[in-house]
Each structure stands twice: as C-alpha cells, then as structure tokens.
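Q: The residues making up each chain are set out below.
2 protein chains.
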Amino acid sequence: MINKSFLTAVLLLIALPFMAQPKKTFTLDDLLSGGSNFWNLQPKNLHTTWWGDVLVELDVDECRQISDAKGRSVYPKFLFTLDELNAAAGLDDKNKVRSLYYASFPDGERKEVFVRTSRENLIYDWGEKKVVWRQPRVAGATHADLSLASRCEAYVRDWNLYVMTADGAELAVTTDGSRELVYGQSVHRDEFGIRKGTFWSPKGNLLAFYRMDQSMVTDYPQVDISDRPARYAPDKYPMAGMTSHKVTVGIFNPATKQTVYLKAGDPTDRYFTNIAWSPDERTVYMIELPRSQDKAELVAYDAATGDRKGVLYTETNPKYVHPQHPIVFLPWDDTKFIYQSERDGYNHLYLFDTTGKELRQLTQGEFVVLDLVGFNTKKKALIVSTTEASPIQANLYAVSVANGKRTPLDGGTGCHTPSLSASGAFVRDLWSSPDVVRKIDLTATATGKSVNLLTAADPWAGYDVPEITGGTIKAADGTTDLYYRLVKPTNFDPNKKYPTVVYVYGGPGIRNVEATRNFMARGWEIYMAQRGYVVFVVDNRGSSRRGFAFESATFRHLGDVEMQDQLKGVEFLKTLPYVDADRLGVHGWSFGGFMTTNLMCSYPDVFKVGVAGGPVIDWKYYEVMYGERYMDTPQENPEGYASTSLLGKAKNLKGRLQVIIGYNDPTCVPQHSLAFLRACEDAGTQPDFFVYPGQGHNMYGKDMIHLHERITRYFDDYLK
Amino acid sequence: MINKSFLTAVLLLIALPFMAQPKKTFTLDDLLSGGSNFWNLQPKNLHTTWWGDVLVELDVDECRQISDAKGRSVYPKFLFTLDELNAAAGLDDKNKVRSLYYASFPDGERKEVFVRTSRENLIYDWGEKKVVWRQPRVAGATHADLSLASRCEAYVRDWNLYVMTADGAELAVTTDGSRELVYGQSVHRDEFGIRKGTFWSPKGNLLAFYRMDQSMVTDYPQVDISDRPARYAPDKYPMAGMTSHKVTVGIFNPATKQTVYLKAGDPTDRYFTNIAWSPDERTVYMIELPRSQDKAELVAYDAATGDRKGVLYTETNPKYVHPQHPIVFLPWDDTKFIYQSERDGYNHLYLFDTTGKELRQLTQGEFVVLDLVGFNTKKKALIVSTTEASPIQANLYAVSVANGKRTPLDGGTGCHTPSLSASGAFVRDLWSSPDVVRKIDLTATATGKSVNLLTAADPWAGYDVPEITGGTIKAADGTTDLYYRLVKPTNFDPNKKYPTVVYVYGGPGIRNVEATRNFMARGWEIYMAQRGYVVFVVDNRGSSRRGFAFESATFRHLGDVEMQDQLKGVEFLKTLPYVDADRLGVHGWSFGGFMTTNLMCSYPDVFKVGVAGGPVIDWKYYEVMYGERYMDTPQENPEGYASTSLLGKAKNLKGRLQVIIGYNDPTCVPQHSLAFLRACEDAGTQPDFFVYPGQGHNMYGKDMIHLHERITRYFDDYLK
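Protein sequence lines, in the order shown, are assigned to chains B and L.
Under our numbering, the first residue of the first sequence carries the number 5, and numbering increases by one thereafter.
Under our numbering, the first residue of the second sequence carries the number 5, and numbering increases by one thereafter.
The shape of chain B in the complex, shown without the other chains:
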C-alpha cells in the first residue's frame, strides 16, 4: 500500500516549480517611510540637478552628465568622483564630503561644483581638479542660507544672526537675540508660505531678514522627560484671540556692516509675508496683512533706507486672503513681475509693472495654478503647473507672456514634479499616475517634446497588492464633485462583508487623493487591505486645490461641512455590498484627528472605532495665524468656537476612540487632547489615549512603525 502522504509530498515537490509563487506580504517596515525596508521597495529614481541647461546625475560617489545643452542624451558621461574631490580638497575622514547627492552647479559655463561639509563650503573645479573656493562654517550654526552669487552665508547661532563673508570673515548682524527676540528664522508660525527667515538679494549684496519679538506671547509649558528630573521647555505659543508676536524686517549690508529696518509702522497684529527683491537689489517687496487677514497689500520699500515707497496692489476678501507666493520678476524685464491671487476664485497669475499697474491676467479658468515653476527666457514663456486637466492632477504648461498661449508639456495625465534648467529650455519632469509607477522625462519647454530618462519598474511586483481605485461622489451640497480613493482587501471576496476604515484629513491646504501612483494610497492602507479591511478616503470641501469657494465653505465653523461630506462618503460605502456598515472605523491625524474625534462624537451611531492623532479639540487652543484665518478670533466668533469645540461633544462618545499625541507636540499642543480627556472623564465617557514622549506633531522613524502597529491593533481589537 502506497503511503499517501509520501505521494503527496512527491507530487508537491514536482508541482512546486510550475505553480505560481505565493505572493509576498508587506510588513509595516516595507510600507512606511520610517520602516527599515521602505526605501528598498520604492520605485527606482534618478537623482539629478541642473548644470546650466545640462542635466547631471548625482550619485553618492560620482556625478555623470545625462544630457547636453541641446537636450540630447549623452548618458552616462562621467564628470568627477567624490574621492577626487575629497583628495583635491585635502579632506580627511572626519571632515570629508560624504555624498554627492546634494552637490550643485552654480555656473553653467564653468566646471564647478558646490558642496559642503559641516565645517566648510567648497567649490571644486573638476577640469582643473582643484578647489577654487572654500569658506569656513561655524559649529552650532543653524538656518544656513548661502548666496552662491556673493558667496556670503547667513546663519543663526545662539539666537543671533551672522553672515560669513566669501573670504571667511564672520559678521554679527544682531547681538540681542534670545528666545524672546528671534532673528533670521521663519516667523508667523510658518503660515503665509513662510519657510525661512533670511532672503539674499539677487546678487547677494544685501540680506533681508526677519526679526520676531515674542516677549509678549504666552508660553505653552512643554516638558522634556529625557533629563532627570524632567525639564521645563516652554514654547512661545500665541493662542487664538490672545496677544501675538511682533515681526519686523531688517536689511543687512555686509559691505557696510549696517542694518536698516523697513519702516513698515507699528507691527502689532500685522503679518509681513512673501519677501521679494527687485532684480537691481534696490527695492524689497512684502505682502502685508492685518491680523484679520481680510486684506493683502503688496508694499515696496527702499532697501537702502528702509523707507516705505508705497502700496502697489491691494486685495480684500470678506472671508480671508491667503497669499503664499512672493512676487517674481520677469527675467527679461526688470519692470514687470508676476503676482499670484485667488481673487477670481482660483489661484492665477497676474502681470504687474513696478508702478503697481496691473497689465493683464496671464492664466484664467476654473482650475488652480499650483506652481510658477519658472520661465523659458528665450521664448518669454512661463512654465506652470496646474489642475486644468483634472482637479486631482498636476500638469505642466508653457504660457506665452505675450499672448497667453499655452503649450502642454506633458501627456495630460498624472501629477508632474518639474525641475527647470537654467534658461528654462528644459524641464526634468518626474511624474506618476494611478497606472504609472514613476517616469522621468526630459522635455523641451519650447515644443513639449520629451525623451524618457527613466521608467521605473513596479517595486511591488511579487507582492500581494490590493486593488486601488479612484472616483467621485457628490458633496453634501448635491453638486460638487468630491474625489475618493477606495482600497479593497487583498484576496477580495465580493460575497463577504468587510470592516471598513475611513482615513481622513479634511482640513485646508492638504488633499489626500491625487492622480499619482495608486491614487496616492498611503502605505498603511495597503497594510490594512492585507489584513482584510476596506479603506476609503475622500477629500471633502475645505481641502486644497479646488479653489476658494470649495476651501472656504468651512469658514467660521471648521468641521461641520467637512463632516457632512464625509457622511456622503459613508452613504457611498453603504451602497457597496462588501462594506459592513456595522463595522465602520475612522482614522486621521492633526486636522484629521479633529475630524476623527468630531465624527466619533457627532455621529456616534455611524462609526464604531476611531483613532485620532494629534487632534485639534477646540480651536481656542490653536494658534493665531492658521486658526483665526479660518475661524476669526474667539471674541469675533464665539458661537463658531463653541459649536465646533469637541469639549462639549465629549459626552456623546459611544464607540472606541483612541487619541494619540506626541507628548511634546508644539503645533497642536497637548492641552487639546488633555482637555478632551478631562471633558470625557467629567461626562463619564471612555476614550483611550496614548503618547509618544519626545515626539512632536508627527511620528518619525521607528516610532512611525510603532504608531501604526498601535493603530492597526486598535482596529483589530474592536472593529474586526
């Protein structure tokens, strides 16, 4: 008698080579950017930068030329190695340049590459094989900002601003800096597009910088537990309706070592934003807003004297104006600049002259200009990125300044991330779409003709990838299209009912569904699909890239319209036979944490389980700049603050809600979540809670993995 199991084993051995390989399963380490295997599973990339109109590939240890100045492929043409650079610079192991990924090429006419170590800035000539310039960098310096034109570097050390000249002399721009008097750093809590505090003039002869007096601002008491005992580490944090900081702008001249301050008047309750220079370095421009944010003025100042030259343009809006782009001068005409405005309902470009005369609207239509990428100088064309083709796409166009004629620079699908060459003749176009993992094209901006440099293979081949689809539903207003992404469980069985998690952000300035690879699905969604969940994401009204009316529908009552739209998403989910409407969960972070907590407390019979990260709980605890733009002050809008507060809704909580925060969150301070817990305790409801000591508003690195294990476990515990 034949042994059956022996036979089975033999058959298996024979059959295996012919059978499909079982698909691999993702771990969180594969899917999240904090994970140990994340970068191994990313699409192949080509790290590039421009050397004039020549595209250069940056590698760790060498640089290679990809194209010539006419956009023709020469790839790979070797330029120089890291080792030769280090050897020529005489850099030892302690102070050597460690990678060429951050190299740049200041002059298209010279074989010069700029690199930096922690101790030096260097320019290396690979033709001459020697270092042609070097400049010391000071230990402890932060916020470094180098002008490659003048080779002066600005930086902050111990709260004061310094400039290191091209020949290595350190100049103290300020001496009275402190935690209360901050120089050379971003101000207004990074709102209004502000990301830094120093602004070199075009030729690098003058440095505009921010000065922020926040001595009058209350401290939010943060605690650092890494010392023994724990240490008080307060953050200056102006809460809605409370006293705000005062910002002024200085102009430092390294040649004279003198500073003048722009004579903008009393800075109390004013925002100075979007600093720009005239090409001749004589004029500094700012966009100025009162605290009410219902007016934006473009103001010119004399850079030498600080005198206020006048208001060039004023824009008002009964809700708010939200300028995020400094003016940009036409490269071929120093008397004309481009101003970006949402005044017709969508962000568009307007041509002004320096007298303040509006010459014409350069772009128009029911779409958003996402980015003024630059110019094709020769053709006198703008290069822009817009949502014209689809609200969830970002496509590139050349726009003639003379006649507004638009030339498409891509195939009209997907989302495109451009990098423009020096003259603007070529664009390196990195893009993806729901079906395209990643491509990099080199495109001539005059013609739109392109050559493909990279078509990345799917790094997830062989993995058990869920089906991810996109689509639209109608908003609660019955007319507006909302874009969604739907991720189905792997091994999907249409006859089953699956637990379903809505992931949400929902606030201004962000969107979650784009026509990128997999509709921009987040790694955690893939992970959840593997574990048998449906994941659904819809961008409600109030989110970004849809124009002013769409975004500002939420004005003065954040959360209300957003939730109505999310419930439309739930209605849609309930039409899907495989969605188990009795097992709906919701998860989001920051504004999405606010939405999650709000949905759990406002619609306690809809959602059974929620995980809210770093949530806003009451807008009165949020900061002045962002908060008052959308909510006005608590004094002006008491009903709005009261009705949107989740403290009053804490009593309605029925399902399982876990609130998770970074214990040292400086953005959405812990008081939000702690006050919510207190309200729940007083009301007798039972949220759950978790903190990451030492972390801020978001979790990075290993904590990101830990966090998502935690979020997943919570849904596994209570929704499965």
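Derived by calculation from the structure, the hints in this document are not laboratory data.
Among these hints, one or two may not hold up.
Said to hold, decoys possible - To give a feel for the contact side, a few chain B residues facing chain L, derived at Cβ under 7 Å: (1) Tyr-224; (2) Ala-234; (3) Val-574; (4) Leu-681; (5) Arg-682; (6) Glu-685; (7) Phe-693; (8) Gly-705; (9) Asp-707.
Think of the CB as a built atom: it goes at the ideal place given N, C-alpha and C, for glycine as much as any other residue.
Assemble the complex: chain B is given as a structure, and chain L must be docked to it using the hints.
A: Relative to the frame of chain B, chain L by itself:
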C-alpha cells in the same frame, strides 16, 4: 387546547409572591467611596467624642450624652442643638455652624463645646446658653492648628506662619516665606510620621514649627491644563541621590513675639522628625536622622534658648531605622517617657527617664505594637493596640507600667479602632471582623468589661454578595506565612474556570488583608466578583505590621522578593480548580502599579492582562526620603537601581498592560510612566496608557468611578 404561555404567565403571577426576591446587583456607585450611593450602603455608625470621661454622640443638629462618668449608659440624654448654638452666637446663614459632627469638648468639668466656622472659632456654654469665647479666623488661612489650652491658633497664609492670639490679635511669626522657604507645613515629604508643621506646647504657650528651605531642590515641571494656555506649575521634588531640602525648627513665643531656632547644626542631608514637648514646656525633643537613615538620635533642646541639651538615646541599624512616633510622657510622672522602637525586630514600647536612662521594655514578643492609644492615669497603665492575637488583627490591651501585666480589652478577634476618654478610664471601641460588620463597645480599661453601644446590621443584605475567605500560604522563603483574601465570583459554579485578577500593593507601610469586615475586601473586588472574576490578594514580604525582618527583606532591591511571594500566590491559585491559569490578570496602584508593571514585564507568560496605576518605574525618579530608606542612593546602590528599573524590562512586555496616572501626580511624578512608554516605544512593545488631567496620585470623587469602569473594561476586553 390550553395556551401554554398563558398558563405559564398565570403560574408566574401566582408564584412570584412566594419566591425569594432576586438579589440586587451592586454598581460602582454603590461600592466605591467616590460613588453617589456608597454612603447609603455603609454600616450604621455612631459619631462620638469624649467630654471628659463622658461619651457624647455628635449629630448634624444636636449632641446627646451616651454615658456618664462611670461608664453607665444614659443614652440618649439631650445636651444642646445646633440651632440654639447658632442663635446664641448670633450667626447668620452665611457664617453659621453647619454641623456638630466636628464639635469637641475641651473641659470635662464645663458645659462647653468648641466649634468653628470659616470665620470664627467659638466656645459655647450650653448650660448658660451663651458664647463664652470667640476668635476671628483669617480668610485664606490654611494649616490651622489651635491650642485649646491657650486658645492661640497657628496658621499659614501666603507661605508665612501666623498666630492668632486668644483675644484676636494676629502675630506674624515669619515674613520671608515663599514657595522656596516654607513655614509651618509638613516637611520631609510626610515621611517619618510627619503630618503637620506646627506643634503647640502642652499649655499652648510656645509654638514649635518647621521651616523648610527648598531653594536648592530641583523643580519637577507640572502643567495645569485648566487655564488657557496651560500653566506651568512646578513642584519642588528632590529625586533620589539629588540635592535635598534643609529643615530647621523654630520656637515662637506669642507673649514675647520672639522666635528662637533650635541649634541643631548644619541641616544639610538631615531629617528632624517626631517633635515632642516636655510637660513643663521647657524642653523640645526631636528624633534626628542622617540622610543615610541608618541612625536615629533622640535629642533634647532648651525651648527658651534653642540650645542643644544632648542626645538621650541612639539607635542604629545597618539597613534603616524608621521612627514614626514622638516620645510620650507618662501623665503621672514628668520625668519619664515612652519611646517606640523596632530594635528587637518588632515595634515595642520602652520606658526612659529624661536623663536618657532606659528603665525597661514595656512590651515585648513577636508581635507589633500598632498604637500607643493613651493611658489609664489612675491605674498607671498604657492602653495599646497590637497584633499579638494575630498578625492581621488589631486588639486592645491595658499594660501596667509597673509590672507589664496585660489586660485584654476586647474579645481577641477583629480589628479595633479605639478612642480613649480623658482619664483613660474608658475606651470607645469601634471594631469589625470578617464576620462582624461593625460594633461599637464602651469598655472600662481597668477591667476590660464592656457594654455594646451599636451592632450594625449588614447594609448589603439583599445584595448578591460574593463569598470572601481568608487564609495563609507560605512565602517564597518556604517558612513565612503570608495572609491572603480570596473573593469568589457570585453565582459560583465549582465546575467552571474563571478569569482571575490579583490585586496587589506590596510596598512598605501598607497591608491589604486584615481581619476586618470581609477581610478588608475593596468595593471593586465585589464588583469584579459580580462580573465573574476570582479576585485574590496576598500581602507579600515587604508589607507592613509583620516586623522589621519581614518588611526589610526587600532592602536595596524593591520588587524582587515581593514578586517571588506574589508568584507563590499564583501557585496557590493554580491549585484551585475553578481558577483559569490562562486568564490571570493583575492590578495595583502606586507601589502596586510598580508591582503590576514589574510582574507583567518580569513574568510575561504568567499574567495576560495588567492595569498599573501611578506606578514607580525607576526608583531614581522617586523622592529622597522614602526611596533612599529602602534603596539607598543611586550612587550607593547602582546595581539595585538598575536591576529593579522597569525601563530595562519594558522590552519583555507581552500581555496587555494599561498604565494609568493622574496627570498632575506630585508623588509618583508622570516622568515614571512617560519614561516607561518611551522605553516600550523604543523596544517595540505596546503598553496602553491613560491620564486624569488635574488629578494627583489617586483619583477621587467621580473620577474614581470613571477609573474603575475603565479598569474593569480593560479586563473585560482582554481577560474575559
């Protein structure tokens, strides 16, 4: 055909009146002291106080005499009402005395009752029906301490110490008080039996008071979230091995308005404890310890000059000495006093004379004197409470000072809480035992004869009360008896397997099992028994009332021996057929939170679920006085601190562990739990966490209910 359900309904209607009433189920509101119905379900009580040797019943609105001066019942003999007192005092509704529960009777010879309002101290003569003395009280005063002998009241206001004289003059004792320089309050973090900071001399002519300079102590950064923005509210908190505060003792004379400080020498790293007065008010005694706590010196000081008169007695112990009782003079002999010491292994009483000569040991044996209740002056006998009858009992005895002869004053069962009359001739003995809900006896201390004043009915009659039993197991040393309490589920079925929760404290100074009503079962245990859990509590080595060797077995490695003994409890549980060893949980608070976290991380395969409240995580974060007594300093005992730290064990966590703290815990500061979370996050383990903002080391009121709902839910979620 007869309708069956109709018939059943009829039968039920007939049967119901004859059937046993279904037993009532407890809610947490019934069982916990923070609950709305807790006091309604407590045993009946009789609130009494002594008027000389006469026992008086205190009621809200009147006082009644219970016994006469010979101990004979006269109950109830009306004395006076609250209304007549308020009327005689001319007190209106705003400032009236609201209850007589806190009345006292300063003089057995006079019909005088002492009461207080927030604005006044009063003595009312109910014979004359008039107020015979009144003294203003100052708004904002705290730490009030009245000498009924001199009628001077000491109190603290805005960090300074004041005395209000009998005739209403306010004297400022100190003027430089602050958060850093604290006067008239308890010092040394309430260790060494210290509970207050003012000590009137016997006749009330002099006031000894503590002065604590804590300017050199680090702040622990606490945050009060009830303001907007949250407010920094630091606590001075000396952590193990770090710089401690400096305490001195002043003597204020209200007659001269002068203060002298006791000349005790440099107070750095010293403890001044157990302040006592000689009957003649000329001498002040303290027990003094160095920071190492291995020596106690009884030192006498001249109260008029502050001069150090000398050391009367010195006790040393290589582990620690732990004096918690000031010396007490014999009422009939001003030259002799009683000193309490554990020097023979158990707390006993020793007779000394004022030259420091040890006359004799008054009590001895392998039992603990729990309390020197007082004296029968006429019989020259001590009245004491001891564990002689059983380690888990507290029984009363009269002990002849002359010959040590002991007269039992109770039946030798249960735990007795005495209140002694002025001469010590009678004791009001409030007691319970596992089978006695509550009794109050009036006992003659000369003979031990008693009359019963109250036998409380079981307030839980009609409720579904679980079976609660007590017993002993052997400790991990194989010889020591450990006392346990076992609570079985209601509706117990011996053939079922039940989830089982170990409740634990385990630290010094506390015990959980006593021979009181239901073996001292906590309300939550009853609640859990109702929900189908077995609850088990065993007092491990290291806990209190068992003598020095038992307690100090844990010296320098807190947690280790304690856990070994708790595992003996688990071994015992596994012998019980109805205990499901695969579903063991553990819960404890404070030291019990340390034990719970430790057990979950040290024995991850034994316990599946734990809830740890306000846990110590690493003794280096605990304070100097308690921590260094049991652990020495981190500098002296680095291995002990390292090996007992739960930060290193965080990686072992397998089961479900929820850590819960009061967000403003000043005792076991939040850094413990936050550092544990950080360690778990770094190690990739997943504890749960919850906080009560605004709460300290323990939860009171409604939060106590919320907390126990939470704890219960956690076991229901993961252990059931």
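Q: State for each hint whether it applies.
A: Here's how the hints hold up against the structure:
no.	hint	in the structure
1	Tyr-224	5 Å, holds
2	Ala-234	5 Å, holds
3	Val-574	26 Å, violated
4	Leu-681	6 Å, holds
5	Arg-682	5 Å, holds
6	Glu-685	5 Å, holds
7	Phe-693	5 Å, holds
8	Gly-705	10 Å, violated
9	Asp-707	6 Å, holds
The structure shown violates the earlier hints numbered 3 and 8.
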